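Colleague: Take a look at the letters that make up each chain.
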Amino acid sequence: MSHIKKLRQRIAVRFQKISKKRLMFGISKNLLAIILELAIIFPIIWIVSASLRSYNSLLTTTLQIIPPNPTLDAYYWVIFQSSFWTWLRNSLFVTLFTAGLVLLVASPAAYAMSRFTFLAKKPLLYSLVFIQFVPGLLMFIAFFYLLIFFGLYDNLFGLVLIYTAFLLPFNIWNLKAFFDTIPKDIDEAALIDGASYLGAMFYVVFPVSLPGIAVTAFFSFLTAWNEFIVASIVLASEENYTIPIGLYRLNQTTYQTNWPLFSALSVLASIPIVIVFMIAQRYLRAGLAIGAVKG
Amino acid sequence: MNKKPKSPHFLKDIWSRNFVAYLYMLPSLVMLLILNLYPIAFSVGIAFTNMYLGNISGGWRFIGLSNFVALLGSFSSEFYYVLYKTFLFTAINVSLQVLFGLAFAIFYNSKGIFGKKIHLAIVILPWAIPGYISTLIWGGMFQTAYGAINQILRGVGLPTPNWLNDEWLAFGTYNVVNTWLAYPFMMTVILGALQGISPELYESATIDGARSWHKFRHITLPLIRRPLLLATLLTTNTTFQQFNVPFLLNNGGPAGRNQTVMLWGYNTIFGSGNFYGLASAFLDIVLIFVLIIGFLGLRVSRIAEEER
Amino acid sequence: MADVLLENVTKEFEGGVVAVKDLYLEVKDKEFVVLLGPSGCGKTTTLRLIAGLETPTRGNIYIGGKLVTNVEPWARDIAMVFQSYALYPHMSVSDNIAFPLKMHKRPKAEIQDRVSKTAESLEIKQLLDRRPRQLSGGQRQRVALARAIVRNPKVFLMDEPLSNLDAKLRVLMRIELKKLQKRLGVTTIYVTHDQTEAMTLADRVAIQFNGVLQQYAPPTEIFAHPKNRFVAGFVGTPPMNFIEGKLKPWGNLVMLEAEGFSIMLNPQLNEQLGESLKTLSLDVTYGIRPEDIEISEKGEPSEWVKGEVYGVELLGSQNVVHVQIDKTRIVAIAPATKLYQMGEKIWVKLTSSRAQLFDKETEKTLTSSSS
Chain A
1291 MSHIKKLRQR IAVRFQKISK KRLMFGISKN LLAIILELAI IFPIIWIVSA SLRSYNSLLT
1351 TTLQIIPPNP TLDAYYWVIF QSSFWTWLRN SLFVTLFTAG LVLLVASPAA YAMSRFTFLA
1411 KKPLLYSLVF IQFVPGLLMF IAFFYLLIFF GLYDNLFGLV LIYTAFLLPF NIWNLKAFFD
1471 TIPKDIDEAA LIDGASYLGA MFYVVFPVSL PGIAVTAFFS FLTAWNEFIV ASIVLASEEN
1531 YTIPIGLYRL NQTTYQTNWP LFSALSVLAS IPIVIVFMIA QRYLRAGLAI GAVKG
Chain B
26 MNKKPKSPHF LKDIWSRNFV AYLYMLPSLV MLLILNLYPI AFSVGIAFTN MYLGNISGGW
86 RFIGLSNFVA LLGSFSSEFY YVLYKTFLFT AINVSLQVLF GLAFAIFYNS KGIFGKKIHL
146 AIVILPWAIP GYISTLIWGG MFQTAYGAIN QILRGVGLPT PNWLNDEWLA FGTYNVVNTW
206 LAYPFMMTVI LGALQGISPE LYESATIDGA RSWHKFRHIT LPLIRRPLLL ATLLTTNTTF
266 QQFNVPFLLN NGGPAGRNQT VMLWGYNTIF GSGNFYGLAS AFLDIVLIFV LIIGFLGLRV
326 SRIAEEER
Chain C
5 MADVLLENVT KEFEGGVVAV KDLYLEVKDK EFVVLLGPSG CGKTTTLRLI AGLETPTRGN
65 IYIGGKLVTN VEPWARDIAM VFQSYALYPH MSVSDNIAFP LKMHKRPKAE IQDRVSKTAE
125 SLEIKQLLDR RPRQLSGGQR QRVALARAIV RNPKVFLMDE PLSNLDAKLR VLMRIELKKL
185 QKRLGVTTIY VTHDQTEAMT LADRVAIQFN GVLQQYAPPT EIFAHPKNRF VAGFVGTPPM
245 NFIEGKLKPW GNLVMLEAEG FSIMLNPQLN EQLGESLKTL SLDVTYGIRP EDIEISEKGE
305 PSEWVKGEVY GVELLGSQNV VHVQIDKTRI VAIAPATKLY QMGEKIWVKL TSSRAQLFDK
365 ETEKTLTSSS S
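Protein chains in written order, with the working numbering: chain A, 1291 to 1585; chain B, 26 to 333; chain C, 5 to 375.
Calculated from the structure, these hints are not laboratory results.
In the DSSO-like style, the derived pairs of lysine-lysine whose C-alpha atoms are separated by at most 30 Å in a straight line are:
no., chain 1, residue 1, chain 2, residue 2
1, C, K252, C, K353
2, C, K186, C, K34
3, C, K106, A, K1466
4, C, K182, C, K34
5, C, K172, C, K121
6, A, K1466, B, K37
7, C, K109, C, K129
8, A, K1311, B, K142
9, A, K1474, C, K109
10, A, K1311, B, K136
Because the structure is a prediction, the values reported are computed rather than measured.
Based on the provided sequences and hints, a complete structural model is requested.
Modeller: What follows is the structure in structure tokens.
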């Protein structure tokens, strides 16, 4: 009961302080925000609406936000009749493996770069930055050579390797910056307590850097999951397709004939990643600000 | 302790151990070497050959700078047009991204908006949704007959152009789509920087008689300059190398008139002819441009570092 | 036997900075030695050398008779308390304390037993399940201590462990630390820049300045017989007064001729100077501690000098009086009951048997007998 009273009081106080002019201003601001946002998410509204149409119905030339006979047929088709699950399985395999491999390889490297001074440290750090700028396509022909040479063409694991190679420089750099914020004191305490370097790294620095490690894993996962063009080149046989490729194919083949199918798959493919993104976006904002400020 | 032992201090300071450091970096160094540095060197090397799909296993030869000459030689060559289009796209689009990012950040940072968190979550959606999906959706929306854009225009009696088949209209759609995709990043960075500005600065400026525009120019802008510049540089690099948007919308515009740099490279490699040597030469030139951008970035961050 | 020996140890860092110059330091078993000095004097570097976190450029280090110069820190059987305590933030207090034992692969039962016993002895048993961030400064410090003790190492190393505590707690902890060390009987090497801490805790004090060991002796000796001007001025609060001047014989006695006034040297000092009077230069620095100076409204020359009060600090238990004598300023201590006014003219007795004389150039003592 007192809750409502308090709320009432608060609103009353708030309105007391605002003059009419300000009220108008405030309302118009919020209105503007809503209108803007509607415009921005219009494509989303459109595609959801399209996904609820009965497929095989012709598309119209007039705008219809609410479909005439909304149905979940397209979704049923995607879930039960398409290769959605194959694509999902492949995407999961590739992303999880990539995230894991990146963590495994990048963490010790970042630790070494953060704690130790060694020969060629500076040039190595600079080359990490440099590599991030190189356009991926440039390395592609060589990738082909390598993939075929190792027999990893049209192989999901080959894709994992390429993704890892692409993600390593940024993540080593980022993890290093993160480790740098942890004072060397506790490493030294661990060393004196009897841990070796490995012990100090595993028992002390890594657990404390869990947020940084989580960010690395998340970014690697996100990048690999959303990646389209490299996957479409490396993977040839249908059973190896990841979700992006599956979606692209669907778009190509159902362009004017079966748009709802593509729409349904788009929605299904987007939902999980959007949810994860929303949860993580708070930390992203903080992390990016630090990264941007420190360069 | 009778004899004074020699002191061959083979043990270096605890954090100055080359061996341990390199041991820890070994797996990543191996991967970087094989999967990053070798491909770069390979590409640079191939640029000087006439390699294409036909002679890949044997029969290709070194042809010196012929590829580069073919690309750069005549001004009417495709290369310059692609470069021009890409530069234009980058310049326009980055400006748009900064504009919208700045506007949105300031708008949503100001007082008087209810449910800020929800608003931000919505406004950040273009970033959350996988880029290729969004691009395909936009492609559908710009479709002449059944796309949403033309449906709306038709509804209000305006002309309904063929967006994706006209060179400059398509160019415009690229900008719309890419701005939609990329502004959240800019906005997030600027928002983060804005939130680091103490409100007291604005209050004292108000007391000093400053108006909104003055406050923006003399307080806001200088204080967000650093992260803003860095983010701009980053996105310039990404926008310059943009591939998904032109490829997925209309594969480089009518008859390839709208190919961006990366798309042209892709088509040269995977399109008819598969001219690997030529593509490598092209991409190496692109690399130089990109390095310039990166170098600028380093200068900016170092200058800002000294400013502190 | 856990004695520590640094044998002609030099530590030079990149860029040419010599943090420790040719140090010879021996610490006896069960002894509490304090490394004292201003910032940058090399005391922390010395501690880190003993810990193994730095390697000497030249020289050798021995712990318990064993050569450890090339032995890694984790094999040296030492424990260290860092200035920041360096507690593991993601572990509970009991895990923190247990960590060294875990690293040495002790059986679980033993670990549990020793952790609880150690926690009890430091009165932190009730904190065992908490995280470091939930603890106060004093509690964290005890945890750091517990972690160091639990292994029964040969040597304790402490790097300014009390500097992050508030003044009252610091005094309490000082006493507790001393008691603890006596009870455990572990060789302890303690770094601080606070001379009060050094004086109250140490069996012996090693004062360092610019990487060079100035004096290594029990606190009373450092106080009463400082080897050079630096040591004399560093130890003691308020610090010793220094007056420059020339020695002049005056009949059987010796006078110090300062700028604008003269002090008659106490005959005892005369004797200590003895023969050296004839061979050494006569330019000296006269050092006298505030507590050894007498001030009074009345006085007569040759032992007493006239001066003017230019500042008074009322400390409650005593008063610190700043006196200007011609161009020189000195600090003296007067009982709390005596209130002097600013500008008041008073007499100061600077002659004392406890005064020191230092060679002006070499700054070495001329009067203290070397130990």
